[in-house]
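> Chains as they are written, first to last, in the working numbering: chain A, 380 to 939; chain B, 3 to 303; chain C, 1422 to 1597.
Please note that the accuracy of each hint is not assured.
[Unchecked claim] Here are some, though not all, of the chain B residues that point toward chain C, as calculated from beta-carbon distances under 10 Å: (1) 35; (2) 101; (3) 103; (4) 107; (5) 250; (6) 254; (7) 268; (8) 271.
[Stated by the list, open to error] Think about it this way: if two alpha-carbon atoms lie no more than 30 Å apart in a straight line, the pair counts; the simulated DSS-like pairs of lysine-lysine are: (9) B:32 x B:5; (10) C:1511 x A:720; (11) C:1435 x A:692; (12) C:1511 x B:192; (13) A:388 x A:464; (14) A:523 x A:543; (15) C:1426 x B:286; (16) C:1428 x A:713; (17) A:523 x A:542; (18) C:1428 x A:709; (19) C:1586 x B:258; (20) C:1492 x A:692.
These are computed hints drawn from the structure, not numbers from a lab.
Keep in mind the model is a prediction, meaning the values are calculated, not measured.
Where a beta carbon is used, it is the ideal one built from N, C-alpha and C, also for glycine.
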Amino acid sequence: MTREELTRKLTEHLGKALPAMSTAGNMLLVKIKAEDLPTLAGYVFNQLGARLITTVGTDRTPLTGNYEVSYLFSFDRADLFLSLKVEIDPANPVIESVTPVIPGADWAEREVRDLIGVVPKNHPDPRRLVLADDWPEELYPLRKDFPYDYKPPQATVAGPRMKKAPEQATVMTVGPFFPTLEEPAYFRLFVEGERIVGSDYRGFYSHRGIEKLADTVLDYNKITFLAERICGICGFVHSCCYCQAVEAAAEIEVPARAKYIRTIMLELERLHSHLLWLGLAGHIIGFDTVLMQSWRIREQLMWLTEQITGNRKTYGMNLVGGVRRDIPEKLQPKIKEVLAKVESESRQVVEAIAGDTTLLMRLQNVGYLSAADARSFCVVGPTARASGVDIDSRRDHPYAAYPDLQFTVPVYNEGDTWARTLVRLDELFVSIDLVRQALGRLPGGPIMAENTEVPPEREGLAVVEAPRGECCHYVLTGTDRPERWRVRASTYPQLQAAPSMFANQTVADAPIIIGSIDPCFSCTERMETVDVESGKLRVYTREELLKAGRAGCKGGDSRA
Amino acid sequence: MLKLIFIAVINLAVTLALAPLLDGFMRRIKAVVHSRQGPPLLQTYYDLFKLFGKEDMEGAGGVIFRLAPVVCLGSVLLAALFTPMGGPAPLGFGGDLFLLVYLLSIPGIAIMLGAMSCGSPYAMLGASREMMLVLTVEPILLITLFTAGIKADSLVLADLSGWTLTHGWSISAVIAGLALFLSLQSELAKLPFDIAEAETEIMEGPFVEYSGPKLALFKWALYAKMVIYISLFLEVFLPWPKTGILAADLLSNLVKVFIVIGLVELIELVNPRLRIDQALNYFKGVAVLALVGLAFALMGL
Amino acid sequence: MFISKWKEALICLKAGRVTLPYPFVPRPTAEGFRGQPEVDGRRCIGCGECATVCPPRLITLVDDGDSRALKVDYSRCTYCARCADVCPEKAIRLGNNYELATSQKEDLTMTVNLKMANCSLCGKPFAPERLLRKTGEKLTGGEFGQEAPEWLSWCPECRKTKQAKALGGVEAKDHV
Ligand code: SF4
Ligand code: SF4
């Protein structure tokens, strides 16, 4: 589908001319009336087969007097993005919810409500999503008149509003702190015996408002490093994606060599991330030998990236306009050597575990996600590809050096945890090949664009295929710093699909099901520990703790 | 008499004092397979020492909660007195075989009761899993020992060992021995059957509320249980070599225990944890195997 | 199944022991490693470039009378090396130290004190002496010939009034 076609179809469906339209790179920006949103969004999603990426809420009151909410869609096969933008009058900040039509819009709409205060009407689950439980009502941190360092008073009593368990079911909690979850997340599983009959989720414990920080105190290049620290596993994805969004907005031409270096680092990151995942998956089902051995293989990559970038994980390579460090000629043999070793060792591991029946017993037919569900929750990455949804932003929205490289995208149709494992295992070898290709063709020249001016009032959207799936950054430029920076990590849609994967599984499978989407909670919640602290600290006495513990044990949470 | 007291002391000493070493040995093997440095051989002693030094929390569950660890370790120690470990068992009488099986099922029951008394949902789930496992696995122990008993025409443990020694293996003994070995992994709460504890699923299940000295007692009891189970298996189905010299026999038994525990650890290392339904299915198969052994024994084979 | 298990065991045994006896034996860092930033107090001229670019804004300049303090709070450092990139005097480099854990927060702070120069007109301290000297050195040999320009020793306010006066003079002339 081309831009023109899409415009024509939208106009036809609406039966009247579109109010305003513009383009930015491969994004079609359409301003629409609020009342047209549900029908247009539904049409684009259901009839035209677009995927909802996320929503962006922006407070434009200083400039236009309105709030703006954009629904970002992707036409994956056409390398085309669509932004349906609705202006909302602050006097009546209400918008018709599209979640009934697009289940994957659930969190995105709640987030806009929490942060900007635009209420989605008829939303099926209007509970708080992002903000802390003791955050005051009617206080919206992303509004421009909200000072970034304001700390609202703490409430003495606060707890999440959780769904009621069905009759007869008992409540098993996974989290907020749990051995196999490295980050805080709170799942409530409603179980009968060992079988899960329902679930509820409360997350965003690591939300620290980095988006606010970006449009109040930081500047374009500082955000790059903040973005990198969104995730401790795929940080480079975030900094790269952010830079690409700014570059798209400002139309900065990135030198070819920088693009190749980014590609190499992205693929090295995917390699280490998938090996890390394999280990964790093993650990979750008690198979620590897999953990230790796949991490042993991974360790070589960590040493390698330390040599290339100066740090084993947080590479710090990106700046708006290019990269900071070159990959010197003398390191190339080393990279190739490590790749060869990682390849042969991973191949051995893959061969060994592929026939391991006890392992298969734990992974096959566990955590099934149908292709239809994957699409309606707008799931991305290996989770989508294991359910037969063939999307990969490296191929669909080519960026960096990917247009020049040849690669396949592994897709499986089984939709279970084992299929998700297989997708990742196959991708290991695709990534190794990609790094080799990129190294072989590494062009000469500068690594940083000459002109990195960023003009104000431009929009940029970039997607990068993170190891966990498509990661998306949106930037609306301002003076010296973005007017709005929005991050949508790959776990965001994945977690929304988790309840559907829990259906009819046992408690024993819950951890590996959560693990199988390779969740990254801090990414999803956009963590940063400086400046804005909404976290509350309470010191419990021993008696209180015991009491709380016992109350929690007896038939679940009294706050439900 | 003096000799029996001496053996009783030895048995208790081996089960109590040596059991943590067994765990340390397993951890060393684990470290080698994991390609890592690993803890020192004596780490388990240090761990127990540390746990005993911690504050003894009253805990959530009242008397049962507090008694469970003591009962658990006590029953294991009592069982040690009925178990031949190289030399003859210190205590023994007609039918002691059944008594031993009962004694050996007490630790599991104590763990279950302790877990249920604290009311944590994880402990509850762990307890229910433990119960299912005990109910399927304990009968296998009983059937296999009974099989050996039929062959030896006696229900005194000492006779079983002696019979295998003089008559060698029979078909039924081989089958029963195999069945017992296949259930060993679960009796020792090792992967793929550490389902009741399942650290990454239900956070050590029954032990989730235990800490400090009480947890140490539980752990110690479980290590001691390993010695007893393996000795029992070895004495009944693999009693060789027996020299008749007490010291040598005790030593050879110990060496064999270490070999078996090494094997158990290797199996643990190449397996993920099974789900409870999968484990039960597996043990149904093993139980059938044990019954086949029994049938052979009844036929005199 | 048994073949798989056997293969798994082989992989493990072939690998041998790979972990280091850390922390008993230090783990060496790679060339170009980005560890704790080391500030060379003798070279720093107090220009503040590093403070401008530091993403977590942990480098601060505090002027207090006739001294300027460059304060570094390592507890928030992200080891990005932006400070080292922009430092005109190469006074910051990222060293090899990565073991910063401590129970004393003060261990993670560092201060460089620089003496301020006084304005030759009003006598107020306004910029680090070293900064002025370095700027002078850079300017001499350039368009100013051998001598550092006089206005270098004027504080911004004085410079502004001087400039205004000079400009005013010019404008006045133009009008005549
Ligand atoms: S390394 Fe980065 S974070 Fe650390 S002081 Fe320098 S600029 Fe700041
Ligand atoms: S940039 Fe260099 S010279 Fe300037 S203040 Fe920082 S450390 Fe000192």
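> Indicate, hint by hint, whether the structure satisfies it.
For each hint, the structure was consulted:
Among the interface hints, the one on residue 35 of chain B holds; its C-beta lies about 5 Å from the nearest C-beta in chain C, closer than the 10 Å criterion. Given hint, residue 101 of chain B at the interface with chain C, is violated; its Cβ is 38 Å from that chain's nearest Cβ, farther than 10 Å. Look at residue 103 of chain B: its Cβ only gets to about 31 Å from chain C, farther than 10 Å, so that hint breaks. Because the smallest distance between the Cβ of residue 107 of chain B and any Cβ of chain C comes to about 31 Å, over 10 Å, the interface hint for this residue is violated.
Annotation: residue 250 of chain B was flagged as interfacial toward chain C, and the flag is violated, the nearest CB pair being 33 Å apart, outside 10 Å. For residue 254 of chain B, the interface hint is violated, the least distance from its beta-carbon to any beta-carbon of chain C being 27 Å, above 10 Å. Checking residue 268 of chain B against chain C by beta carbon gives a least distance of about 7 Å; that is within 10 Å, so the hint holds. A distance limit of 10 Å between C-beta atoms decides the matter here; for residue 271 of chain B the minimum to chain C is near 8 Å, and the interface restraint holds.
The straight-line distance between the Cα atoms of residue 32 of chain B and residue 5 of chain B is roughly 38 Å, outside the 30 Å bound, and the hint therefore fails. Straight-line distance between C-alpha atoms of residue 1511 of chain C and residue 720 of chain A comes to about 38 Å, which puts the hinted pair past the 30 Å bound. Under the criterion of a C-alpha separation no larger than 30 Å, the hint pairing residue 1435 of chain C with residue 692 of chain A is consistent with the structure, at around 27 Å. Between residue 1511 of chain C and residue 192 of chain B, the direct Cα distance comes to roughly 58 Å. Violation of the 30 Å bound is thereby established for this hinted pair.
At roughly 17 Å between alpha-carbon atoms, residue 388 of chain A and residue 464 of chain A fall within 30 Å of each other, so this suggested pair holds. Note on residue 523 of chain A and residue 543 of chain A: the hinted pairing is violated, with a Cα-Cα distance of about 37 Å set against a maximum of 30 Å. For the hint linking residue 1426 of chain C to residue 286 of chain B, the alpha-carbon distance of about 23 Å falls within 30 Å, and the restraint holds. Taken as a hint, the residue 1428 of chain C and residue 713 of chain A pair is honoured in the structure, with Cα atoms around 28 Å apart against an allowance of 30 Å.
In summary, the hint linking residue 523 of chain A to residue 542 of chain A is not supported, as the alpha carbons are separated by about 33 Å, beyond the 30 Å threshold. Straight-line distance between C-alpha atoms of residue 1428 of chain C and residue 709 of chain A comes to about 36 Å, which puts the hinted pair past the 30 Å bound. At roughly 101 Å between alpha-carbon atoms, residue 1586 of chain C and residue 258 of chain B are farther apart than 30 Å, so this suggested pair is violated. Distance check on the hinted pair: residue 1492 of chain C and residue 692 of chain A sit about 27 Å apart at the alpha-carbon level, within 30 Å; holds.
In summary, the numbered hints that this structure violates are 2, 3, 4, 5, 6, 9, 10, 12, 14, 17, 18 and 19.
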